[in-house]
Amino acid sequence: MMAQVAFYILAVLAVVSALGVITRENPVHSALWMLLTFFSVAGIFVQLGAEFVAAIQVLVYAGAILVLYLFVVMLLNPRAGGFIRMPAKYIIGSAVSIVVFFQIAITVWSSGIFKNGTIGPLPYAEGMNNVRAYGNVLFTKYLVPFEIASLLLLVAMIGAIVIARKD
Amino acid sequence: MNEYLPVAILMLIAGAVGAIMMFVGGLIRPKKYDKVKSSVYECGMPEFSDARKRYNVRFYIVALLFVLFDVEIVFLYPWAVAFGDIGLYGLVAMFLFLIILVIGFLYEWKKGALEWV
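Going down the list, the protein sequences come from chains C and Z.
Mind the numbering: the first sequence is residues 1 to 167 in this note's numbering, read in order.
Mind the numbering: the second sequence is residues 1001 to 1117 in this note's numbering, read in order.
With the rest of the complex left out, here is chain C:
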């Protein structure tokens, strides 16, 4: 009961703050609303038993990625003539969002998570904790996605330097 109330508070907070992100005129306000979204999602992760992911959500997303967004806002110079106003952006944005939504919905639905009844943390083996259990599967069962993540980081690194440097 208690957990359900907490979930609904966090879920409503996440959706409302996400609406704040897309409706604010000032991009800095949008970024601050996004901070609230990140925190609410971190709370939902805690409820799912993913404490490590929740901690990373706060440290990396709220701490580092949001700062990066703010840097981009500053680079774009918010005072200079305001932001692009075009109706097409709503159409393009909605279309992309709908496609992504269905992609996620179909993936979640076909995983059969709803048929098994409850959604929640799986019990750990004896003497396990969240991070240890996570490390155990990440570096064995999910090794290939983990190694691909390093390639993704490499591409981002080189891409950033190529875009931002003059030579």
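Because the hints were derived from the structure by calculation, they are not lab data.
Some clues are possibly wrong.
[Stated by the list, open to error] In silico contact screen, one side only, chain C against chain Z (beta carbon under 8 Å); selected entries:
{"no.": "1", "residue": "V53"}
{"no.": "2", "residue": "I65"}
{"no.": "3", "residue": "V72"}
{"no.": "4", "residue": "Q103"}
{"no.": "5", "residue": "R132"}
{"no.": "6", "residue": "L143"}
{"no.": "7", "residue": "V144"}
{"no.": "8", "residue": "F146"}
{"no.": "9", "residue": "M157"}
{"no.": "10", "residue": "I161"}
A virtual CB, placed ideally from N, CA and C, is assigned to each residue, including glycine.
Following the hints, put chain Z in place on chain C, whose structure we already have.
Chain Z only, in chain C's frame:
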């Protein structure tokens, strides 16, 4: 999950303190503005430019590289905790991961992205 109740209470109190301070402050403070009072205070000096100007793109590179290495460290943490279980296999897996990232690190070093000038 109940062990996270104090965290939730702490965050509620932190938010409430800020909200109450702003609300009460708005109620009791005098509202007399003049030109000098609403001007930007910059260590006593007259301001010389708008704070919302374009920043150097180097700040962006530094921030982005920080995020990338931040994510790398995030992967090291569960690896260190689970190292006793995954042993040599895990060591090789992490070496592969780090080698790929060291290639990127050497690239940015050679390109001079770590230097400010």
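Comparing the hints with the structure gives:
{"no.": "1", "hint": "V53", "result": "violated (10 Å)"}
{"no.": "2", "hint": "I65", "result": "holds (6 Å)"}
{"no.": "3", "hint": "V72", "result": "holds (7 Å)"}
{"no.": "4", "hint": "Q103", "result": "violated (23 Å)"}
{"no.": "5", "hint": "R132", "result": "holds (5 Å)"}
{"no.": "6", "hint": "L143", "result": "holds (6 Å)"}
{"no.": "7", "hint": "V144", "result": "violated (10 Å)"}
{"no.": "8", "hint": "F146", "result": "holds (7 Å)"}
{"no.": "9", "hint": "M157", "result": "holds (4 Å)"}
{"no.": "10", "hint": "I161", "result": "holds (5 Å)"}
Checked against the numbered hints given earlier, this structure breaks hints 1, 4, 7; the rest are met.
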